[in-house]
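A.B. asks: Listed below, chain by chain, are the residues.
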Amino acid sequence: MTRYTYSSYPYRKPPELDGGSHPAVPVIIVGAGPVGLAAAIDLALHDIRTVVLDDNDVVSVGSRAICWSKRSLEIFDRLGVGERMVDKGITWKVGRLFHRDREVYSFDLQEEPGHKMPAFINLQQYHVEQFLVERALEFPDLIDIRWKNRVTGIEQQPSCVRLAIETPDGAYTLESRYALACDGANSSIRGMMGLDFDGRAFEEHFLIADIEMDADLSNERLFWFEPTFHSGQSALLHKQPDNIYRIDLQLGPDADPAEERKPERVTPRVSAMLGGRPFEIDWVSVYTFQCRRMKAFVHDRIIFAGDSAHVVSPFGARGGNSGIQDIDNLCWKLAAVLLGRASRDLLKSYDEERCHGADENILHSSRSTSFMTPKSKTERLFRDAVLHLAGEMPFARRLVNSGRLSEPCSLTHRGLQRGQDMASGRLPPGTPCPDAPVETARSSDDWLLGHLGGEFRILHQPDGIGSEAHLPSKLPALIVGRDLKDREGLLRQRYALEAGVTYLVRPDQHIAAAWNRADAGRILDALELAGGQA
Amino acid sequence: MSRLRTDDGFAGKSDEFYAMLIDAHDGLDDEQSEALNARLLLLLANQIGDLDTLREAIETAGRTG
Ligand SMILES: Cc1cc2nc3c(=O)[nH]c(=O)nc-3n(C[C@H](O)[C@H](O)[C@H](O)COP(=O)(O)OP(=O)(O)OC[C@H]3O[C@@H](n4cnc5c(N)ncnc54)[C@H](O)[C@@H]3O)c2cc1C
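Residue numbers (our numbering), protein chains in the order written: chain A, 1 to 534; chain B, 535 to 599.
Please keep in mind that the hints were generated in silico from the structure rather than gathered at the bench.
All values reported here derive from a predicted model rather than from experimental measurement.
Ideal placement from N, C-alpha and C gives every residue a C-beta, glycine not left out.
Be a bit skeptical, because a hint or two may be false.
As the list claims (entries may be wrong) - Quick list of the computed label-pair ranges, beta carbon to beta carbon:
#1 B:R539 - A:M192: 29 to 39 Å
#2 B:E550 - A:G199: 18 to 28 Å
#3 A:N516 - B:N580: 33 to 43 Å
#4 B:T540 - A:E498: 36 to 46 Å
#5 A:D198 - B:N580: 10 to 20 Å
Claimed, not checked - Examples of chain B residues lying across from chain A (beta carbon under 8 Å, computed):
#6 D542
#7 I556
#8 A579
#9 N580
#10 E590
#11 T598
#12 G599
What the hints assert, rightly or not - Taking lysine to aspartate or glutamate pairs in the EDC-like style, the calculated list, with each CA pair at most 20 Å apart, reads:
#13 A:K377 - B:D560
#14 A:K88 - A:D196
#15 B:K547 - A:D359
#16 B:K547 - A:E407
#17 A:K375 - B:D584
#18 A:K375 - B:D560
#19 B:K547 - A:E379
#20 A:K88 - A:E134
#21 A:K375 - B:E568
#22 A:K375 - B:E593
#23 A:K375 - B:E550
#24 A:K377 - B:D563
#25 A:K348 - A:E455
#26 A:K375 - B:D564
#27 A:K116 - A:D87
#28 A:K377 - B:E565
#29 A:K377 - B:D586
#30 A:K295 - A:D214
#31 A:K377 - B:E568
#32 A:K375 - B:D549
Starting from the given sequences, assemble the full structure and let the hints guide the process.
C.D. replies: Printed below as a string of structure tokens:
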């Protein structure tokens, strides 16, 4: 049996219930899902102490998220768990699309060589959460995870947030300077505060099943419109580690979720799909999907991230992946505010930059869901016309939409990038930093992104006549040729590096500013504008 | 010589076009939608103008159903 065994994490009586005084924590995180756990680790890397509260004591039951994007893996790598995830996960890049029993086309995510992380891996959410918990436990002085601690009330004061918490041993309150609401799509914090969560709900029901099967199917994403083995409109089959396969069957708007979840209903549907191969059901759920977001993610000292702030339909794998990007964007800013290096205004840029990310995700996933669930005769007509043309006409393949897979969001012209110095011919401010193979003192087989992030940093290509001397001495710098060698010329290519070019890189591995000829004054001004200085 | 374009002509904006097309039908009943499609087709055909290309398009549409 290779199936995942859920072990529960130990509940401990909170010290507050034993009396005595306890110092306030800087940050309380509500929710130990992937987003809350990533936040605790990221803040710990900035030396910020957190208490993480979760009403449960196990990782995600059922795998839910399975596809993790390159950008998420790069962030996980910065947090110290990326390699473990790639080792365990299934790397995939080919997708095949069928209409009825005919293959219409296949796509290759065209993994460009020269990146440490693959375009996508499939890895069950419970593995991801387990790896994150284990990483968090490596910071015993900074991260205090409290299982079976349910938040039941929240109150905001001018200088702190006060949370009411229930445990098996009774109730207590805890104060912090900031609280992160990472408590998922049904966020109780959002509810308690009476905040909006507007958007659109789709009526279609989907059966999502993870099955265990001893078959060595390829690592490809298989998607069917109007499959012959299933009466609904679409079907998906995708491989996960441990011989687990994800199956997604569209059931239509009138399906009865309670009925459809029963094994006697699920088994024949799956059997028909797998052509009689033996399998065991690991987890089943019936969903309808929604695309919603809060108007604002920052409410003074209470900050929302992940599903609590925004939800999308899963086609495109944008839910969990965007939550991890929220954390990447937020934590360095929150740390700078808490450490007195930046004013609270910096947090507004999290709101602006990540609301933009959420809008992009909602747009793409609404379009995919609409394509898959045509709601009028005309919409259906065009959908079918696209599928009929797609076999012969390459242009129509681009119109087929079974999910536009999560891509890193560009922050160009937004938030902290507004008014920043940009250099013609170079990457514009707001671009997520591309990786590149480099050679460093650490390893001859190293990667650029391992040396960016965490704090503001300069990437500089010397001009050979002393341009390094003009860099501000108080900022850490990566000098090409001195600190790293461009192993394959890809660094130069991806960053359009020429003699004298300088980039200022944000702690979340996005370009903050760029210059063809920089001097210390301009770099320090850009740093201040990007929130690096109080 | 084939004149009908088969590769992507939307310069990466095919999703935007599709959303535009679907939105144009929002709130119309089936008959109104069909009429809209007919007018749209005539406008686009006139834009192309070239009869060989249009003949090829008509043939392709007839064949792929
Ligand atoms: C079928 C399906 C497939 C999906 N596939 C993908 C995919 O392939 N890729 C992808 O990126 N995303 C995918 N997603 C989305 C992904 O699962 C979510 O986006 C992700 O779980 C969000 O993480 P989170 O930490 O914000 O919230 P959650 O994972 O929901 O965690 C919230 C945590 O808060 C706790 N909590 C809630 N209320 C309280 C309270 N009052 N007190 C204390 N604790 C509380 C909960 O117990 C929970 O542990 C999928 C989702 C579904 C349903």
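A.B. asks: Hint by hint, where does the structure go against what was stated? Just the numbers, ascending.
C.D. replies: Hints 1, 3, 5, 8, 9, 10, 14, 17, 22, 29 and 30 contradicted; others consistent.
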